[in-house]
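**Q** Chains as they are written, first to last, in my numbering: chain W, 5 to 340; chain S, 5 to 340; chain X, 5 to 340.
Simulated from the structure, these hints should not be mistaken for laboratory data. It is possible that some hints are incorrect.
Claimed, not checked - The calculated DSS-like cross-link candidates involving lysine-lysine, where the alpha carbons are at most 30 Å apart (straight line), are:
#	chain 1	residue 1	chain 2	residue 2
1	W	Lys275	X	Lys146
2	S	Lys65	X	Lys146
3	W	Lys31	W	Lys146
What the hints assert, rightly or not - Taking beta-carbon pairs under 8 Å as the criterion, some of the chain S residues facing chain X (in silico):
#	residue
4	Thr67
5	Thr72
6	Asp98
7	Val100
8	Met102
9	Glu113
10	Leu115
11	Asp117
12	Gln120
13	Thr121
14	Ala124
15	Met125
16	Arg126
17	Arg330
18	Ala332
Built from N, CA and C at the ideal position, the CB exists for glycine as well.
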Amino acid sequence: MTETADPFVFPARAMIDAPGGDPFPHKHLLGIAGLKPEEIRFLLQTANSYVEHNRQALKHKPTLAGLTQINLFFENSTRTMMSFDIAGKRLGMDTVSMTGEASSVRKGETLLDTAQTLNAMRPDVLVVRHRQSGAVALLAQKVDGAVINAGDGWHEHPTQALLDALTILRHKGRIEGLEVAICGDVAHSRVARSNIYLLNALGAYPRLVAPPTLMPAHAERLGASVHTDMAEGLDGADVVMMLRLQRERMDGAFVPSEREYFTFYGLTEDKLALAKPDALVMHPGPMNRGVEIATAVADLPGRSVVEAQVEMGVAVRMACLDVLTRHARAAKGAGQ
Amino acid sequence: MTETADPFVFPARAMIDAPGGDPFPHKHLLGIAGLKPEEIRFLLQTANSYVEHNRQALKHKPTLAGLTQINLFFENSTRTMMSFDIAGKRLGMDTVSMTGEASSVRKGETLLDTAQTLNAMRPDVLVVRHRQSGAVALLAQKVDGAVINAGDGWHEHPTQALLDALTILRHKGRIEGLEVAICGDVAHSRVARSNIYLLNALGAYPRLVAPPTLMPAHAERLGASVHTDMAEGLDGADVVMMLRLQRERMDGAFVPSEREYFTFYGLTEDKLALAKPDALVMHPGPMNRGVEIATAVADLPGRSVVEAQVEMGVAVRMACLDVLTRHARAAKGAGQ
Amino acid sequence: MTETADPFVFPARAMIDAPGGDPFPHKHLLGIAGLKPEEIRFLLQTANSYVEHNRQALKHKPTLAGLTQINLFFENSTRTMMSFDIAGKRLGMDTVSMTGEASSVRKGETLLDTAQTLNAMRPDVLVVRHRQSGAVALLAQKVDGAVINAGDGWHEHPTQALLDALTILRHKGRIEGLEVAICGDVAHSRVARSNIYLLNALGAYPRLVAPPTLMPAHAERLGASVHTDMAEGLDGADVVMMLRLQRERMDGAFVPSEREYFTFYGLTEDKLALAKPDALVMHPGPMNRGVEIATAVADLPGRSVVEAQVEMGVAVRMACLDVLTRHARAAKGAGQ
């Protein structure tokens, strides 16, 4: 998919330059819910500036040199952790990682004790993933540094929504007014939830498409149209976001079989033909080919932007690390 | 707990400035036993200088830039390994880690072959944890760089004793003359052992408090008073150090039940009231709340210094890395 | 084993200085097969310059600062991964690692999807180990950065052959004309295969020594003499390379028993006496003492160069990282 030239026609500039204006007056990034549109745009604009940077051989920028980042992943996700780790290292941070299986949780330590222990090591940023919704917000109350939610339960995954938005922006030139179909296991998806918040904040129209067993209760209250039929949900869409079907959903209770799921909800070329002719195909990865997406669609030239999403992910995470440490750096006279 | 202002009234200064004096003439840090009081004080003094450093945003100090640190943990301990890793990175070292489960030991390699292999990669410092007492000392004989014992069996854990001492010093202004109760599973605790050596070296009075099944044989010969009754052991103490009860001790042979252990040996507010009114509460972590320590005591404002211990841990490890590489750096014309 | 003074009497110099000559015109390092003798010599010469560098305390060289290295090990090998990781860090690279067990492969992702995902994070070098022969070459077709094969199935392990060659060169002063016995599980050994290619390219005479069950089919076509008898295979050899016998070969199908294997194919002092009096003893590690090699031989002073091999490994990997990124660095105006 070719990128559109100069998609960043944001109104953010005026606000940033305003005297005394703080473009992102939050200590943590716990979710998209609660962020103002101009705050989201500011993060996207900052991230956009890192995209070109990352395409050079010389990818170091010592903006955050001397700061410490701890990645605390209670739930394994190598690719997300690597993305945050690379982002921190490219900005010069010292990064260390603690994964759930190795963590002291196994030894019976409480979440808050772990938080306080890590806090005492004086990290400037804690990147946290946890299987319980709300656990990251709880932890954020106990630490001095900035906390970035890297996914908590079925709640939020804000950097995923930001990287999805940056991908759309760079390929469509805008987000406002777009019809975005979010398809699959919406009920258990923090990716879906964060995207719904972001798309609404920036004036797009999210649509949820899922079998009844995978549609959240009261889905219509989330600020999206609700569809149990793919044909209806994809009709005229600008963007088709497929969600990963977790293995544990495939065994009976939620989905009759992989094959049946693919037949009704897998994204095939036939179904994609119902969307706009230039509709983007997105997936947060890792993909289950032949389950939620056909191989032909996953690799469709000019339409699939799955790799671009990963690339935008590093840039978005660099932006979050940069923005969330600005106050601390200014106060303590460090860096930049 | 507020820190006392200027607790470092060490006699170490004179000795350091003495012509030709080497304040720490050891190649490795294998234990506290065998260190002279002024050597311990020198490490504490060096560590103390890193505490303020770590409270800044800009925590890098390129003193050890270009040196290589290998963390070799045959026994998992994420928090200790992170502490050493952060310490090395803040001083500019390249750090790499090898954990027991991933190590070649699984492939039938001997400890000494692993040591020689790692040695050939030319690390300047090897940080080693091993479940067998004495294994770290054995390994130290086979390598060129400095070895730091990060805990070997029931033997020693010298950086833990140093961080405990630094915590006490910063909160009490002194160590000499203090009554320090070390309570719990003393028999299987390298933390207890290293602390006993250090407290004796610096003129404090350690007391061991444990049920008979968890008291080491010939405990009285270790240089501590011996108590099987908590009331007696805590009476008038300046510091109460609780030890972690390992899960594998809870199932019968050593302790009748968690609940009974807590009743007799868990630190509650009632029991703590027997110590001095300003007695510090310490724990090496991770804590088993409701087993060896009540939640109310673990979090008691102005008394619990559990988080401070973790913070001191990073500073102590930076000091050890710094001090142990001084000769090599001087000889090879590197750094500083 | 003492090293020979100035063993690098390469004809490579003239070629490097030739106008317009590119001493290593390959994007990836997938194997030794296909490399020209002067290309192999160029890598060895570059590696040799890093050996002294690594013996200093100050081991940093920011030649590759700002570049990103991803270690992608689908098959665990802590020592090889550490060697690559240390190599990258000493050159200033940001390194991140993903191991097979933690990788998304477990989640059903295909190899190529993983490759494309990592590629989107813009690594300059991908170091890949995979249990399937050819998997690394397949992956290399899908990424923008340089790929180094860190071992694929029974196919190739080029950096091992290079480090073996550098070890021989520094101890023997030459490779050409040497008789090199490669002994043990040749059939399943990528180490053997890469060494056979390299030794032939540089004019040495490889000999394969293995029981019939562990000799590859059509061994004679590989460019080596074939021996099922150790006495015959070792007779007059300049170098004896022992191969590791994997645990899974010891249980019946390939080898009657460890003890019998040791009796017939284990390298003992008696068997070594059949080789030249100054024959080198080599092993890629980790060693199974008492299985393929006797302890007395593994540690034989002046003969065993097992540790030197590990040391050369770091230097060889630094050379490969350096050489393979030269074009990208020149094109993008980065580093050096």
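**Q** Work down the list of hints and note, for each, if the structure agrees.
**A** Results of checking the hints against the structure:
1. W/Lys275 / X/Lys146: Holds, at about 28 Å.
2. S/Lys65 / X/Lys146: Violated. Lysine 65 of chain S to lysine 146 of chain X sits at ~40 Å, over the 30 Å cutoff.
3. W/Lys31 / W/Lys146: Status holds; Cα separation ~13 Å.
4. Thr67: At 12 Å from the nearest chain X Cβ, threonine 67 of chain S fails the 8 Å test, so the hint is violated.
5. Thr72: Holds, because the Cβ-Cβ distance from threonine 72 of chain S to chain X comes to roughly 6 Å (cut-off 8 Å).
6. Asp98: Hint holds; aspartate 98 of chain S Cβ to chain X Cβ min 4 Å, cut 8 Å.
7. Val100: With a closest approach of 5 Å, the valine 100 of chain S hint holds.
8. Met102: At about 5 Å, which falls below the 8 Å cut-off, the nearest Cβ of chain X leaves the hint on methionine 102 of chain S intact, so it holds.
9. Glu113: At about 4 Å, which falls below the 8 Å cut-off, the nearest Cβ of chain X leaves the hint on glutamate 113 of chain S intact, so it holds.
10. Leu115: Violated, because the Cβ-Cβ distance from leucine 115 of chain S to chain X comes to roughly 12 Å (cut-off 8 Å).
11. Asp117: Holds, because the Cβ-Cβ distance from aspartate 117 of chain S to chain X comes to roughly 6 Å (cut-off 8 Å).
12. Gln120: 5 Å, holds
13. Thr121: 5 Å, holds
14. Ala124: 4 Å, holds
15. Met125: 6 Å, holds
16. Arg126: Holds, about 5 Å.
17. Arg330: Check failed: Cβ of arginine 330 of chain S comes no nearer than 11 Å to chain X, outside 8 Å.
18. Ala332: With a closest approach of 5 Å, the alanine 332 of chain S hint holds.
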